[in-house]
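Asks: Input sequences plus hints: build the corresponding full structure.
Protein chains in written order, with my numbering: chain E, 941 to 1268; chain A, 941 to 1268; chain C, 941 to 1268; chain H, 941 to 1268.
Treat each hint with caution, since some may be false.
As the list claims (entries may be wrong) - With a Cα cut of at most 20 angstroms, we get these calculated PhoX-like pairs of lysine-lysine:
#: 1; chain 1: A; residue 1: K1239; chain 2: E; residue 2: K1254
#: 2; chain 1: H; residue 1: K1179; chain 2: H; residue 2: K1257
#: 3; chain 1: H; residue 1: K1257; chain 2: C; residue 2: K1239
#: 4; chain 1: A; residue 1: K944; chain 2: A; residue 2: K975
#: 5; chain 1: E; residue 1: K1239; chain 2: A; residue 2: K1257
#: 6; chain 1: E; residue 1: K1058; chain 2: E; residue 2: K1250
#: 7; chain 1: C; residue 1: K946; chain 2: C; residue 2: K1007
#: 8; chain 1: A; residue 1: K1007; chain 2: C; residue 2: K994
#: 9; chain 1: E; residue 1: K1257; chain 2: A; residue 2: K1257
#: 10; chain 1: E; residue 1: K1239; chain 2: A; residue 2: K1154
#: 11; chain 1: E; residue 1: K1058; chain 2: E; residue 2: K1027
#: 12; chain 1: E; residue 1: K1239; chain 2: A; residue 2: K1239
#: 13; chain 1: C; residue 1: K994; chain 2: C; residue 2: K947
#: 14; chain 1: E; residue 1: K947; chain 2: E; residue 2: K1007
#: 15; chain 1: C; residue 1: K1007; chain 2: C; residue 2: K1027
#: 16; chain 1: H; residue 1: K1239; chain 2: C; residue 2: K1239
#: 17; chain 1: A; residue 1: K1154; chain 2: A; residue 2: K1170
#: 18; chain 1: C; residue 1: K946; chain 2: C; residue 2: K975
#: 19; chain 1: E; residue 1: K947; chain 2: E; residue 2: K994
#: 20; chain 1: C; residue 1: K1257; chain 2: H; residue 2: K1239
#: 21; chain 1: H; residue 1: K1058; chain 2: H; residue 2: K1250
#: 22; chain 1: C; residue 1: K1254; chain 2: H; residue 2: K1239
#: 23; chain 1: E; residue 1: K1034; chain 2: E; residue 2: K1058
#: 24; chain 1: H; residue 1: K1254; chain 2: C; residue 2: K1239
Unchecked claim - If you want a taste of the chain E side facing chain A, the calculated C-beta under 10 angstroms gives, among others:
#: 25; residue: R965
#: 26; residue: D977
#: 27; residue: N1006
#: 28; residue: F1080
#: 29; residue: A1129
#: 30; residue: P1205
#: 31; residue: R1236
#: 32; residue: S1263
#: 33; residue: M1266
Claimed, not checked - To spell it out: a stretch of chain C is covered by chain H in this simulated footprint if at least three of its residues, at any positions, have a beta carbon under 8 angstroms from a beta carbon of chain H; those stretches are:
#: 34; region: 970-984
#: 35; region: 1103-1113
#: 36; region: 1201-1214
Derived by calculation from the structure, the hints in this document are not laboratory data.
The beta-carbon is built from N, C-alpha and C at its ideal position, and this holds for glycine as well.
Number of protein chains: 4
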Amino acid sequence: MASKIKKIGVFTSGGDSPGMNAAIRSVVRTCAYLKVDCVGIFRGYQGMIEGDFKPMDARSVNNIINKGGTILKSARCDDFRTPEGRKIAYEQLKAEGIDAFVVIGGDGSFTGAMIFNKEYDFPVIGIPGTIDNDIFGTSFTLGFDTALNTVVDCIDKIRDTASSHNRLFFVEVMGRDVGHIALNAGVGAGAEEILIPEENRGLDRLLESLKRSKQSGKSSSIVIVAEGDKTGKNVFELKEYVEEHLPIYDVRVSVLGHMQRGGAPSCYDRVLASRMGVKAVEALLEGRTNLMVGVRDNKLILTPIEKAIKGTSKLDKELIRVSEIMTT
Amino acid sequence: MASKIKKIGVFTSGGDSPGMNAAIRSVVRTCAYLKVDCVGIFRGYQGMIEGDFKPMDARSVNNIINKGGTILKSARCDDFRTPEGRKIAYEQLKAEGIDAFVVIGGDGSFTGAMIFNKEYDFPVIGIPGTIDNDIFGTSFTLGFDTALNTVVDCIDKIRDTASSHNRLFFVEVMGRDVGHIALNAGVGAGAEEILIPEENRGLDRLLESLKRSKQSGKSSSIVIVAEGDKTGKNVFELKEYVEEHLPIYDVRVSVLGHMQRGGAPSCYDRVLASRMGVKAVEALLEGRTNLMVGVRDNKLILTPIEKAIKGTSKLDKELIRVSEIMTT
Amino acid sequence: MASKIKKIGVFTSGGDSPGMNAAIRSVVRTCAYLKVDCVGIFRGYQGMIEGDFKPMDARSVNNIINKGGTILKSARCDDFRTPEGRKIAYEQLKAEGIDAFVVIGGDGSFTGAMIFNKEYDFPVIGIPGTIDNDIFGTSFTLGFDTALNTVVDCIDKIRDTASSHNRLFFVEVMGRDVGHIALNAGVGAGAEEILIPEENRGLDRLLESLKRSKQSGKSSSIVIVAEGDKTGKNVFELKEYVEEHLPIYDVRVSVLGHMQRGGAPSCYDRVLASRMGVKAVEALLEGRTNLMVGVRDNKLILTPIEKAIKGTSKLDKELIRVSEIMTT
Amino acid sequence: MASKIKKIGVFTSGGDSPGMNAAIRSVVRTCAYLKVDCVGIFRGYQGMIEGDFKPMDARSVNNIINKGGTILKSARCDDFRTPEGRKIAYEQLKAEGIDAFVVIGGDGSFTGAMIFNKEYDFPVIGIPGTIDNDIFGTSFTLGFDTALNTVVDCIDKIRDTASSHNRLFFVEVMGRDVGHIALNAGVGAGAEEILIPEENRGLDRLLESLKRSKQSGKSSSIVIVAEGDKTGKNVFELKEYVEEHLPIYDVRVSVLGHMQRGGAPSCYDRVLASRMGVKAVEALLEGRTNLMVGVRDNKLILTPIEKAIKGTSKLDKELIRVSEIMTT
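Replies: Put into structure tokens, the structure is as follows:
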């Protein structure tokens, strides 16, 4: 098979996530293996517009598989949202001889790639990199598994002090639109209650649940709250609300914040990233485009980027039920 | 639905794995939630024969979801392999009023359960708990994900010292019959070569690969060797062989050993264990038996224990190919 | 030597810290070794007043050396601040036959012990357990070393995402009155600036420093802020201030919070706790009282509790200088 | 103060240890801060002889404080043991304009530096970097604290599986000549017995101790064995011996190996390395030479290298006693 594609660009875009470096490494090494040139594009679309490029060979990605963050940096880029910006980007790519690119990122990054593909018939493949697992077309996004381990490790620590003092903690985790982190980490950390953006079961239910938990003899309680929770109250307001309505508890708050994005990726994320990078390059060389690599039933699949963007990644109802049974 | 089952026993058997405690907790809490009695059986079939039982309620499994090992202990049991042993076990269960049991373990433990089920028409459900991921009927066994993280964490450390000294390390990981740990951890840790029980590509190939790795400018090399590797040489003999035939390397050996079985379970293993425990109890209450809970495409499924035992859990060919590309 | 003391009480009080369980274990096992009875007192002075006691033998502290928190729980207790409360506590101790106690905690807990000792001539020895390292008479308090590792581990993760996006982070760590955690973790994490309660070098200096850091080509900046920092602004206000006066930065905030108190203790804290527990029991049996065990120059020392309370634990000036040089 | 020294070389030598990168960073940044040139020398004395030099500025050590291993690599070097080798090394240093050097390593590396200093009157300062803590003139060497945490973390994992199966484990840790790692990690991990090079208490005592441990009701036992243990048996032979003479135990062996040298350094090691690097550079600029930086009573001190080499770093008798009491 002789592909027309001779030089592939790779970049990371949007919020970073653990596993992005492993994906970059995989794209670079697959290019080397298949004798195609590879160019790293720094700071996402911003660097594309500025021509911030660097040729990469197999050795340039040594010892990064276990590093959090992204060696190619990431950035949000308003210019790429304009036709003028995209035109400059296209010219920069052409000047560098780049025939196609692999974009590692989330919804916003894919939208840019799709538009660019349509405007310039430029081959693009996406790899889903975000801790939120909020992308349709894949069971797991890169970084989700690592973020879950980071969150349960933090909550295990918080549990130590919570149970020493018989305290209640509200712990805020990432997830503006979807509750994947909250639900999975909540089950994994043995949380008493999990508040997610997908459903608002009301504050009364929360109070009932906490009252029951106390009566059942538990020495501490952890309530996980996704950023995008729909109770209408943030974690600090929830604390006040419970202190007022359920004064049997000594309440504390913890906002886990950006550490959820960092850290050495888990083995799962490293392996998934390695697999996805191979698939992305091979898809491009086979002449395919405008697709996102995903994993389903432990097999790699390709989904049109348009569908990936428009679809929603739904919470598993069975897992919601499991979370309720576990708090018995 | 009024089930005939009023009291469920739960135990762990065979080699322990991270997530077993989370599965015990889930079985116990699901029983409490569904108003069924639950009894913990200590030391697997041995404790069953000895009547080493303890009633468990929801509080008796507090704060164990994040603990490695198994609070119910595990043991291998020769007596249960005899009809006499199983007869005593049956009498002990009846005396305690136990109607059904959930066994958490691997192939050997399931075989015992299947025979017991046939002999006494006793309802049994299995949950696959083993770090080896060597069970047919499930994409993941409990403990596999955690073990992978433990292994890559160890190899990351070994890599630090290997690359400081430009050394070659042979690292032995668990896996007598299957190479799942070796292959996944090998990809995750960026190993230069992976030796697995499933295929013997010969020592010449290994030497070639190491020679090429050195020439490509890599500062260190890690070769992962599964216990059951088929080169005919163990890690120490491999070291000698390479030192003799490829004296360009300073070679060291590390045998990771039993620490691979321990440690706080990963979030994935905790969640999977929680889900499987619910499924196991519900299956029993629905009158089902002689089945193993598994996960496929992120959904829980039930497989006849007989098939689970006879089938084999094959390595993913695509991942073998990825491992080769990554060592470019 | 025949000591008059036949039964020793042990409890934890105030904020919990990693290593407290290791200290409890050491007190209990030293008592067993020296054939003295030992009684665990739950929830600090509150449990003492309520007679919440439990006899402890060597086996009752199995497998706790690596657990965060405190199996004896902790609590703050207003009643013990009154003569009436202390009288009841004394009567409870006498009724249980407790001759002396070891209190594991911080300043507040020691003050209570000292007053109690004076009022009832009751033998007491203190073990400093607090992550803040804010106690005179010891180079290290139990939990400080572990908390530092927790903090640098979190900041390493934050650094991953900060440097991927060229961001500035304000990270708040514990330390209301002293900056030990901020200073040590700041040096350990390679922070660009460290704001501590002991000195307010002004916001102008901060802006200067951040401007210089940016100019020097650093890809990210971390500023560590102790809770008790004296700039007059909390981390959120600092963020706003910098965004207004130094718009070259994209600024984020992270408040590490209570996870700093939890987690498996470091080896150092486990060893120190083991040593201090032995020393505390031996001191009591030698007829000594009203002293705190400390460590200096890697040797255990005893300091009158009164001095421990009144003295202050000063920051190391040399380390402040090191922190400045490191940000070059 | 105008020092004659204008350009300082820095290198790592001998076995690597966590914290070496933090020390390199500190030397480089202190040079930058004090306006002195700094040159990295790769692969220790070998690179010195080969002229493998690289000028380093403050930015060239970004993001290495948390990395295990050494970016300057390390090597053992036979040539430097000959006058001819040292002559070439001296000429290389002169050609590069290097006036003085900081050597980060252990006994062997310091011996080389001392001889070189005498032969060429070349200013040298040593920083003790080794996980073994076997150097006179300092309470802690760089990497010791990190290695202890790595070891107890591994043993915590082994304990999980040991106690699930009521097993006895012999765990071999590093330490050919001194038992610092074995003793401290043994106390920290709650080992039942610790076999160290410094004293051979005989196999009878070991059997007695294990028998007593079993009788006392412990569910598992961990025996820590330093590499240089003097029983005359290695861990595998110890296993056989115990199986033969004390068949009540199911015995396993684990050799932790080289992972003890790697991993992100602990906060303590990072801070100590930062302090030592400053001290080393300042000492050179003050005209001092042939000294090793150490820490005692949390203050930095300087010891003549000759004394550091000849002295021995003794085990703390008090800690040996603590280890015995803890196994009650």
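Asks: Tell me the numbers of any earlier hints that the structure contravenes, in ascending order.
Replies: 2, 7, 8, 9, 10, 14, 15, 17, 26 and 35
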